[in-house]
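Q: One-letter residues, chain by chain:
Number of protein chains: 2
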Amino acid sequence: MAPCCLSLFFLFLFTFASVPANSLPTFFPGAKQAKARTSKPKLPFKTHYFPQTLDHFNFQPKSSKLFHQKYLINTDYWQKGAPLFVYTGNEGDIEWFAANTGFLLDIAPKFKALLVFIEHRFYGESMPFGKHSYQSAKTLGYLTSQQAMADFAVLIRSLKQNLSSVASPVVVFGGSYGGTPILQFDKIVPWSSFYDAVSQDFKDVSLNCYEVIKGSWAELEAMSTQKEALAELSKAFRTCKSLRSTASARDWLWTAFVYTAMVNYPTQANFMKPLPAYPVQQMCKIIDKFPSRATKLSRAFAAASLYYNYSRSENCFEIEHEVDSHGLHGWDWQTCTEMVMPMTCSKESMFPPFGFNYGEFAAICQMKYGVSPRPHWITTEFGGERIRNVLKRFGSNIIFSNGMQDPWSRGGVLKNISSSIIALVTEKGAHHVDFRSSTEDDPDWLVELRKQEVGIIQKWLNEYYADLRHG
Amino acid sequence: MAPCCLSLFFLFLFTFASVPANSLPTFFPGAKQAKARTSKPKLPFKTHYFPQTLDHFNFQPKSSKLFHQKYLINTDYWQKGAPLFVYTGNEGDIEWFAANTGFLLDIAPKFKALLVFIEHRFYGESMPFGKHSYQSAKTLGYLTSQQAMADFAVLIRSLKQNLSSVASPVVVFGGSYGGTPILQFDKIVPWSSFYDAVSQDFKDVSLNCYEVIKGSWAELEAMSTQKEALAELSKAFRTCKSLRSTASARDWLWTAFVYTAMVNYPTQANFMKPLPAYPVQQMCKIIDKFPSRATKLSRAFAAASLYYNYSRSENCFEIEHEVDSHGLHGWDWQTCTEMVMPMTCSKESMFPPFGFNYGEFAAICQMKYGVSPRPHWITTEFGGERIRNVLKRFGSNIIFSNGMQDPWSRGGVLKNISSSIIALVTEKGAHHVDFRSSTEDDPDWLVELRKQEVGIIQKWLNEYYADLRHG
Chain A
1 MAPCCLSLFF
11 LFLFTFASVP
21 ANSLPTFFPG
31 AKQAKARTSK
41 PKLPFKTHYF
51 PQTLDHFNFQ
61 PKSSKLFHQK
71 YLINTDYWQK
81 GAPLFVYTGN
91 EGDIEWFAAN
101 TGFLLDIAPK
111 FKALLVFIEH
121 RFYGESMPFG
131 KHSYQSAKTL
141 GYLTSQQAMA
151 DFAVLIRSLK
161 QNLSSVASPV
171 VVFGGSYGGT
181 PILQFDKIVP
191 WSSFYDAVSQ
201 DFKDVSLNCY
211 EVIKGSWAEL
221 EAMSTQKEAL
231 AELSKAFRTC
241 KSLRSTASAR
251 DWLWTAFVYT
261 AMVNYPTQAN
271 FMKPLPAYPV
281 QQMCKIIDKF
291 PSRATKLSRA
301 FAAASLYYNY
311 SRSENCFEIE
321 HEVDSHGLHG
331 WDWQTCTEMV
341 MPMTCSKESM
351 FPPFGFNYGE
361 FAAICQMKYG
371 VSPRPHWITT
381 EFGGERIRNV
391 LKRFGSNIIF
401 SNGMQDPWSR
411 GGVLKNISSS
421 IIALVTEKGA
431 HHVDFRSSTE
441 DDPDWLVELR
451 KQEVGIIQKW
461 LNEYYADLRH
471 G
Chain B
1001 MAPCCLSLFF
1011 LFLFTFASVP
1021 ANSLPTFFPG
1031 AKQAKARTSK
1041 PKLPFKTHYF
1051 PQTLDHFNFQ
1061 PKSSKLFHQK
1071 YLINTDYWQK
1081 GAPLFVYTGN
1091 EGDIEWFAAN
1101 TGFLLDIAPK
1111 FKALLVFIEH
1121 RFYGESMPFG
1131 KHSYQSAKTL
1141 GYLTSQQAMA
1151 DFAVLIRSLK
1161 QNLSSVASPV
1171 VVFGGSYGGT
1181 PILQFDKIVP
1191 WSSFYDAVSQ
1201 DFKDVSLNCY
1211 EVIKGSWAEL
1221 EAMSTQKEAL
1231 AELSKAFRTC
1241 KSLRSTASAR
1251 DWLWTAFVYT
1261 AMVNYPTQAN
1271 FMKPLPAYPV
1281 QQMCKIIDKF
1291 PSRATKLSRA
1301 FAAASLYYNY
1311 SRSENCFEIE
1321 HEVDSHGLHG
1331 WDWQTCTEMV
1341 MPMTCSKESM
1351 FPPFGFNYGE
1361 FAAICQMKYG
1371 VSPRPHWITT
1381 EFGGERIRNV
1391 LKRFGSNIIF
1401 SNGMQDPWSR
1411 GGVLKNISSS
1421 IIALVTEKGA
1431 HHVDFRSSTE
1441 DDPDWLVELR
1451 KQEVGIIQKW
1461 LNEYYADLRH
1471 G
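As they're listed, the protein sequences go chains A and B.
Positions 1 to 471 (my numbering) are the ones given, in order, by the first sequence.
Positions 1001 to 1471 (my numbering) are the ones given, in order, by the second sequence.
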C-alpha cells in the first residue's frame, strides 16, 4: 500500500517481551519495563508535524479530524531525485528509535538520501486526542496498524510532492513491530518458540547458567509460602520499597533475561538499558562464578542486576514502580486488539511452564478496555500462512534481517523467498543490531551484514532508476 | 490483502457514467439511470448471510458491531481442494451481477470450482444499518472500498475454513468498480479520455451520426430560451409527465449514448436495458436514415429511444422519474468520498464542452452529505502512478481485460506488464462482455478471448498446485 517503489523491511525484531503476571501471560507489559536515566540525545534532525487524517477508512464527519503527526527530517546529504529513506516508527517516542538507528545516518551520504523518521500514531507526541488519547476504547480505537500504514503512505506522498521530487524512490526501514515478526501470529510458528529461543541463548553460553535460572523459580515459589517471605525477598532484591507480591520479583527477573537476550549485542550499548558487550555471556559469568552453596535465586538476582544496574547508578531497585520513559504504554492496547501473539513456555525452557488460554486472555482485554481481540485479523490482512508460496509471486524488494540471538527471530522469515526477497540471518545478531550506528568495536560479521544490505539497496535503486529512464 | 493465492481482475469496466447536471458534472447519477421491467432471474445459487465486522480498521466498541453480508454459492461442480472462484461484488444487488456473469458458471465444471458471489456492503441486502444505512454520513461513513476488500478477505478465509479446504486456491473476478479502472483517478489519464472514447465509438460507425449528436445539444439549448419550449420538448420526447427543465432531456440523451457505448455488445443482451447486438451501430442507422431536413435533436431523440425502448414496452418516457431497480444509489456517496474521477468533455467530443472544477465538486458533496472528498486517497492506497514500473515488481497473476468499445477501458491497463500481469484488449469488446454467458451468436474474437482467460487461469492453478506439492 505504500506509494513507494522499493520497500525494505528489517526484521531485527524488538518489542516488549514479557512475563506471566498472575499466571496469565501479558505479553508486552512494556510500560513498566523501560526505565532510562539518560537525557534525550541531540539528534541531527529537524522536527516537523504533519496534519494527518484521523481515520483513513471511514468518512464519518469526525473521521476527517486532523491530528499532528511528528516526523524528523535530515536533509544534510540529500539531492533532488535521490532516494528517501523512511523509518516507519513503532511503539514509542520517535527520537528514541532515531537515536538507536544510526545506520541510516551512516549510509545517507553514500546514497545522497533524505532521512525521515515518522512517529507512529498514539506514541510520543503524535497523540490524536492530546492527553485524552488513552482515555478509552473510543479514542484508542484509532490505534491500529493499518491506520498507521496509511499515515505513512499519506505523509510520504505529501512530502515527495512538497520536495518536488515525486519520482524519488523510497526505501522503507522498520525494526521490531515496525518491521513485524509476521509469522508470530495465529498458529504459524510454535507458540513456545519465543521462550525456547531466550533459553537457548543462555544454554549456548553455559549449561550451568541455564540450569540455575531454570531452578530459581521454584526457590522463589517456595519463598512465597514462607512467613516473612516478602520482607526477606525485599531485602535480598534490594528493593526501594517493600514488595507487595513475589510475582513482582518473578516478573522483574523474567524481564531482565528476556530483554538481555533480545539486546545481546556484540558491543557495549544502551537501548533499553546500558549494557556491556554480549550481556548474556556477562550474566552467565556472574552466575557461574558464584560458589555452589549460594541459592539459585540469589544467583539469578545477581545476573538480573547486570541488566538493571550495569551503570551502577541504582542504590535500590524500583521493582514495582518502573517508569515508562520511552512512551510505550500503547502496546498493551495493540496486543488486546490486533497484535495477538500467543506464547507459551515449554518444559525445556528456563522459565516456569505455562500455557496460553485464549478465553482468559480475551476476558482480560474485555475487562481492561472493553474490547475483544481479533486474533485472525493480522494474518487475514497481511498474510503469513504459506508465506513462501505467496510472497514469491506477490512481493519483491524485501530484506528480512534477523539475528538468531533475538528470540523474535523465530517469528521472522529466515530463508530467501526469491531473488529479491532476501533473508539475512546472523547467528550472533540480536534485536535490529544492524540498525545501530557502526562502531570501531563491531565484529566482522556485523560489518559484513551492513555491507550486504547496502549492496542490495544499491542494486534495487539502480534497477529503479533504469526502469525510470526506460519508462 | 486478500488471503488468496491467485487474483484475477477483469477490467471490463462497467459503472454509471454520467452527464452534467446544472452544468456541473455529476459522474455517476446511477440511481436514476437503471430501470428494468424484467423480474429477478432464477439463478443456480444458494443465498447465505455472513456475520461481518462493521469496521475492520477501528476498535471502538461500535466497530465490532456485526451486519449480515449476503453471498451466493454454487457447489454443483466443486470438489474439496479445488479452486474457489470469487466474484467481488460492486455497486448494486449481487443477483444482478450474478445474472450477468454467466462466465463463471460456464467454466466452473472444467475447474470443479466452487462459485461465490459476494455482495458489496451498503448494496442490495447487505445493509449495515438496515433501512437507516443511507441516513447520513454517520452511517454511510463505513461505505469505503478498503472496508469492502476487508469484508471479502474475512469472508473468504472463514468460508475456506468452514469448507475444510484452506489450501484451495482462490481466483478473484471483478468487473467495473469491482475490478476498478485504476488509472481513472487523479491525473493519470487525461480527464477527457472517457467522453472522447464514447464519441470515438459513434464516429467509428458513422461520421454523420457523430455530427448529428454533436449538433443536437445546441438545438436543445436554443429551445430552452423559447416560450413554450418545455411543452414542445415534452411532446417531442414523448414524456409521461411535463418536463420541468431542458437539462433533464439533455441528461436523458447523454445517458443513452454513454451507456450504449459501454454495453456495445456483439449480441443481443439485457444488462442495463434490453438492447440489440451492436447497439451503437443500430443507433447510428436510425440517425443516418432520417431525411436531412429533420432536426438533429429529433434524430438524437430517435436514437436514444432505442436505448430506452428497444423492447417497445414504453408508451411514454419517465425522463425525470427513473426508478433505481438495481440498488445503485450508494455510488453517489462513493464518488463524493473516495471515487473521485475527474472527467471533462473536449471540443472533439460529441458532447458539449465542459470542465471539471474540483472546488465546485467538493462543495456539492459537502452540501449533499456534509463530507469532503479525499481525491488522492485511492492512488495513495492502491497505486496507479508509474503503474508499469511498480506492478512489474510487486504484483503477479492479474488479467486486465478491456474492450475498447467501453469508454472505461481508457482508465484500464492496456499493455502487458510482466509475464503474469497480462492485458487482454479486444477492439470490439465492451463493458465486461467476457463475463457474460457464452451464446451461439458470440463472434470468434469473444470465443477466443474467453479461451485465453481459461488457459491463463489453468496455468496459474497448475503453478499453485505444483508450489503446494513442493512446499
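Accuracy of the hints is not assured; some may be wrong.
Here are the simulated lysine-lysine pairs, DSBU-like style, with alpha carbons at most 35 Å apart [what the hints assert, rightly or not]:
(1) B/LYS1110 - A/LYS131
(2) B/LYS1112 - A/LYS392
(3) B/LYS1459 - A/LYS392
(4) A/LYS187 - B/LYS1459
(5) A/LYS112 - A/LYS347
(6) A/LYS214 - A/LYS203
(7) B/LYS1187 - B/LYS1415
(8) A/LYS131 - B/LYS1062
(9) A/LYS62 - B/LYS1112
(10) A/LYS65 - A/LYS42
(11) A/LYS187 - B/LYS1392
(12) B/LYS1160 - A/LYS187
(13) A/LYS187 - A/LYS46
(14) B/LYS1428 - B/LYS1459
(15) A/LYS392 - B/LYS1347
These are computed hints drawn from the structure, not numbers from a lab.
From a predicted model like this one, the values you see are computed outputs, not experimental measurements.
Q: It remains to establish, for every hint, whether it holds in the given structure.
A: Consistency of the hints with the structure:
1. B/LYS1110 - A/LYS131: Violated: B/LYS1110 and A/LYS131 sit about 60 Å apart, past 35 Å.
2. B/LYS1112 - A/LYS392: holds, 26 Å
3. B/LYS1459 - A/LYS392: Given that 35 Å is the threshold and the Cα spacing comes to 17 Å, the pair holds.
4. A/LYS187 - B/LYS1459: holds, 31 Å
5. A/LYS112 - A/LYS347: With a Cα-Cα distance of about 51 Å, the restraint between A/LYS112 and A/LYS347 is violated, given a limit of 35 Å.
6. A/LYS214 - A/LYS203: holds, 10 Å
7. B/LYS1187 - B/LYS1415: holds, 19 Å
8. A/LYS131 - B/LYS1062: Roughly 23 Å between the alpha carbons, so the hint for A/LYS131 and B/LYS1062 holds.
9. A/LYS62 - B/LYS1112: Outside the cut-off at roughly 47 Å; violated.
10. A/LYS65 - A/LYS42: holds, 32 Å
11. A/LYS187 - B/LYS1392: holds, 32 Å
12. B/LYS1160 - A/LYS187: With Cα atoms ~16 Å apart, B/LYS1160 and A/LYS187 stay inside 35 Å; holds.
13. A/LYS187 - A/LYS46: Violated, at roughly 43 Å.
14. B/LYS1428 - B/LYS1459: holds, 26 Å
15. A/LYS392 - B/LYS1347: The given pair, whose Cα atoms are some 48 Å apart, is violated under the 35 Å limit.
Going down the numbered hints, you'll see the structure goes against 1, 5, 9, 13 and 15, while the others check out.
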